[in-house]
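Chains as they are written, first to last, in this note's numbering: chain E, 5 to 567; chain V, 160 to 429.
For the record, the hints were derived by calculation from the structure and aren't laboratory data.
A hint or two may mislead.
What the hints assert, rightly or not - With a straight-line cut-off of 27 Å between C-alpha atoms, the simulated DSSO-like cross-links for lysine-lysine are:
#, chain 1, residue 1, chain 2, residue 2
1, E, K25, E, K504
2, E, K355, V, K321
3, E, K355, V, K255
4, E, K355, V, K277
5, V, K255, E, K83
6, E, K355, V, K276
Said to hold, decoys possible - From the derived model, a few chain V residues whose C-beta atoms are all more than 12 Å from chain E:
#, residue
7, M160
8, K189
9, A206
10, L208
11, T299
12, S314
13, A347
14, N349
15, D391
16, N418
All values derive from a computational prediction rather than experimental measurement.
Ideal Cβ placement from N, Cα and C applies to all residues, glycine included.
Next come the chains, spelled out residue by residue.
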Amino acid sequence: MELLIRNGFVFDPTNGINGEKMDIAIKNGKIVEKVNEHKAKKLDATGLTVMPGGVDIHTHIAGAEVNTGRLMRPEDHIKDTERKTTLTRSGVGYSIPSTFTTGYRYSRMGYTTIMNPSMPPLEAKHTHEELSDTPMLDKASYPLLGDWWMVLEYLAKGDLTECAKYVAWMIGISKGYAIKIVNPGGLESWGFGRNVHSIDDQVPNFGITPREIMCGLAKVNKMLNLPHTIHLHTNNLGLPGNYATTLDTMRALESVPSDGKPVAHITHLQFSSFAGDGWGNMRSGAEEISSYINAHSHMTFDMGQVIFTDTTTMTADGPFEYTLYELSGHKWVNGDVETETSGGIIPFHYKRNNAVNATQWSIALELALMINDPWKMFLTTDHPNGGPFFAYPKIIAWLISEKARMATLNKCHKKAQKKSLLPSIKRELSLYELAIVTRAGQAKALGLTHKGHLGVGADADVAIYNVNPEDTDIARKYKTVRKAFRNSAYTIKDGKVVVKDGEIVQHVDGRTMWLDVQTSEQIKVDEELKRRFKEYWTVEFENYPVSTHYLKASDPITIKADV
Amino acid sequence: MITLTPAKEFKFPVIAECINTDVFQGKSAKEISELSVWEGNKEKKLADLFKIEETPEETPNITISGNAEKVRHIGSGMKNGEILINGNVGFHLGEKMSGGKITVHGDAAGWTGADMKKGLIEIMGNAGPYLGSPNRGSSTGMRGGKIIVHGNVGSDSAVHMKGGTIKILGDAGPFLGFRMCDGTVHVAKNSGTRVGACMSGGKIVVSGVLEEVLPTFTIDSIKAKVKIEEGDSASGPFYVFLGDLAENGRGKLFISKTNNPQLSPYERFL
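One chain only, chain V, in its complex shape (with noise of 0.2 Å):
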């Protein structure tokens, strides 16, 4: 196991692309110091900015443990290993992964698990917005793998996601799954609005309050309860919404009926 220890409060945005169990794998300790990152614009090396331990422990296979924040792009592209952060840490965490494990003991900021493809992403605090969505502009957005986060989440999230599952735990800021093709979203408290505006597809799931649904989606049923995913479900009852017709979209809203007694004027419909 190496050990990544800041070695000073950082002032500029890190890019380290290179803190990644693919890249340090079969590295010694002396070779992943010499592993090169960019302060602001200036190219250094690892150990310039952080102090490298090496431990005989086999997993994780790479912990940081400091603040982290302003440190980007950590466990990019990653296919497997695993990652603990104690701390906070910067954008772009997980981004593009394709396997393995990260877990942040504190706040992810944005863009977690941005475009991630399988693996597992653990935040234990907070995550910023665009929680696994793509970057401005890209239609790629998340595939698979499954990321949970104990706090609450920012706007934007879940953007043009294809596959796989988000768990939030708290609450979720407001776009959820705007452009949401596939997938699965639970949110355990509140949502801001206009969740799943242009969704094409997939599942969002709130258990707390949505104070109103897009006027492009359709009520269609009450369900007692919603498969998040395997051997994990969320109890309602729901009203099931369906949508986004502007877009000839088939994604399905579970919106929690207890928490919103303001949607009761939608059963009329039913």
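So here's chain E without its partners, still in its complex pose (with noise of 0.2 Å):
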């Protein structure tokens, strides 16, 4: 199966081409230097934009949380119902949809590998079961280790090379990505009833602090060589005066040795990036926030962009969804997850006229905007947490136009304007930097070496977008270009056309990358581990792996450790 893309602007930042007209040459799913000419099919990108196939570094898509958000929000689908079709199922939106409905929305947006950032271990089998349903995309999932009590065991101890072990084998048979953590010990408080609020707050019963978590697994995550670094969601997220406890996390990761390259990813930046000492005076730290990431290069970061909605916002970060909850009075789902994380769901209409949802709006575009390097600070919602995923054109809008995002902070609530800084944010994203931001970027940050790019050898996925980036001023026509990354000219997955103007034309299932994280010694599963099974948890050692026969296509990723 060849396909050739001829004349297209590209825009593949990994390779450094800045909207270069030429052909992309495709062979057996794969990035080839050319095909014969004759042979293979053609398609004509003449005055389109070519692109990487997008890359979501965070979007819970999948897994318990995500379901039982669906359950109890039947009033969000209600509004936003698809269809089938001869060649697509029917599935309801709006910011849960169901696991079809999602992977069709992310193709037609060009987008073709998703991260779902939040796996209990526990949960993981079901997570696998929803992702496998997840049509059109290649997916991956980070278990949650950064309260898990063997983890917290180790570190408290100060045994990396064990925790190092016991991470690895947890990766393993969770079929997770990366490192994931939430709140460093105040999910693990939260059982109790309690939180952290400093990275130096004792964690009960552990005596750990969430920096020792933090750092330790940074170390741990080094030690095992896994592509992506830890993913971090930061203590005192979402509270008014949190952009403190940020910098004190990013001072306090720099402890950890980087030789060069990122050692974490603080996720959805906007929600730690509150200055203030309450709601009444909340505003943006946006200001302090950049300018330190700027001096620095340890870490990467994704925006958590809120967008003026009714969504569901759903996290591990039990008491912060209690916060929610006081503030909104809504229906709470509250979750614990045994020895491993807690939870929280809660619907949450975010609006223009008021003062906290505009100016988190404001901060995370501020944000965005104001880091200057590109690579480091990647386009998200978190979604459904700020808004969901299919508003990612509207964030471009605002990202490449200055105009379209006055025109929408000129709507909001005037006390946010006020506090705003974007009037004073000049800087306009190119296509180039756009497509850093939404693939090129994140690809890098999560060590997929053959995604996020369209160099020889790498997945032929490709998006390409109704713009003319030759006879289109981007800025004043962010209309157009809105409507062009909402409904893709076609998405290209594994060398297949899988959309065309904006419609599913064929149905392709993506693989599940997991990491076989291969150490010299691997734990030892004896009596003694299996007691403490039988003590902490309510399933059975022997039923708690994932199998492989859980993922639909299985694609494992082997890495071969330091210890």
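Using the hints, put the two standalone chains together into the complex.
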């Protein structure tokens, strides 16, 4: 199967290609040097923008939490239904779409790889069953390990090697991709109705602090040579004044040896960048955060943009969801996952005429525009926490056009308008930078060498958009760009054209990537471990691991660890 | 005026949001016959399911004559005009309506006037459950307008109600006014139990029998009569209860004293 994409304007930041008119050759699902011009199927991309398939580093699309959200929000689905067609299955949106609809909608926007960032290992089987039912995309999941008792115990003892072995084992049996840490220490404390409020607070019963958990796991991550860094949701998330905690966190992680590469990824940074000391005078901490980030390069970030809509918040950060419940009084689900994590879900409506919500909207854009290096800051909404993922084209418009964001800002709450830093920011992202924040940078941060670029050997995941960079002033014609990114002209997955003019034309399943981390010595599955399992978990040890038959298309990545 | 007559006995639900005065306005009978509706999982034209006739009268703008009990979402979101239905009608009649008038000479199914904002719905027969209530899970609810039901209504009516008036001339099912915030409901006859559960405001008047009042309500006084709306009041005497205290509510229940001797022990708390 050969395919030749002709004459498009190619944006491939990983290989330094900035809008050059060129051909892309594809053979057997990979990008190749060239194909037989007579035999290959040709796709005319004249006047169109060609980018690698989109990569999303953080989007809650599968698992127990997402599904509980679906159960508790029938009113969310009724307003957004999709009928079946001869090719696609029926489904519902809105903020928590059904699995198939999730796949179709991402694919229509030109996305081909997504990361499900929050998987309690105990719920891994459920998560993988849903991921297998999410078509059109390659996907992976991050197990929540920051408050897992084994990790806490070994880190408290200072035994990094043993901790690393357990983490490697857990990533393997849960079929995970990276170490996810949510409100380190806070989730364990929430089991006792408490929380941690700084990175040096003690976690009850374990004699350990969030600082030790984060730095410990960052070192473990390094010892295991994992492709992604630790994926971190900071302490005090979503509370006024938390930018100070975020700065503390970033400074603490400076101590982790980095040899030039990032050591951590702070996710949905917007929610961690509030200044002020109460909701009344809450303001943006973007200036302080971005000036620190511009001076350091040991971390990557994503936005967590807020969209003004009715959405559903869901996070393993149980105490934070309780705060939201106290603020909104809305229906609330609280969860506790045995030795691993907590969780919470609450519907939330972000409103323009709410000063706090509008400030949040502004913070994410301020951060994205004030952090100079696009390779550090990626586009996400923390779907569905900030808003549903199919609002990405709106964010794209705000990023590439001052006019677009000022139009929205002018409709926001007066107090938020006055406090917003946006009027002083003139920066407008180019299509090249846009390709970094939506695919190349995300793939690089994830360590996915075969994704997010169009170099020879890469997976043939390509997105083609109906934007002509030669005769379109994207900042002025942001509506054209927004429309183009909403419905790609073509999406190509593994060399197959799966979307044409925003319609699904071919169904593909996509693979589930997971890490097979090989340590020199495996953890000993002895009677002692089984005894602890019996004491700590409700599940028998034998039933705990996810076997590969849970994965429709398993794509293991073998990693050689240093331990 | 457009008259729609069902062309057959419908077996499957018909989703017909297009049967709406705002949609029909300015369209010829031919254009109207081309409008899209769903019958089960098949998309059809309005003319496939209904006989469409145009007559010169001005009002009502749309008349449906015949059994439309499988036809859903009639008058959904309508802003003005008048719909007359001679026969039964299906779910979600006048949902999200913000003006105009719908009259049904027959029974209406559930969610009639769901999330209604303004306008008038009058049902000469009975109405199903969730009268004026939002879709499951939603907390929107009726915000204004008026619904009059001459017969009985099902359970869970006036849920999350935030304004407007509902008059039920027959009986009401249980959970009337669950999580109600504002507005007025009058049941001329009897009501099922758990009236006003979790209510935080508003007024529910039961002129007939109510077996028991939830224990989270407290008796306040006895009143001779209560205003339902401008120019209409119900005469009692009524026991006035306040609640739902479990939700720090300030809602009021007016329960007929004459018809509910079983509530007389409350009088000693007055």
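* Asked: For which of the previously enumerated hints does the structure constitute a violation, in increasing order of number?
  -> 11
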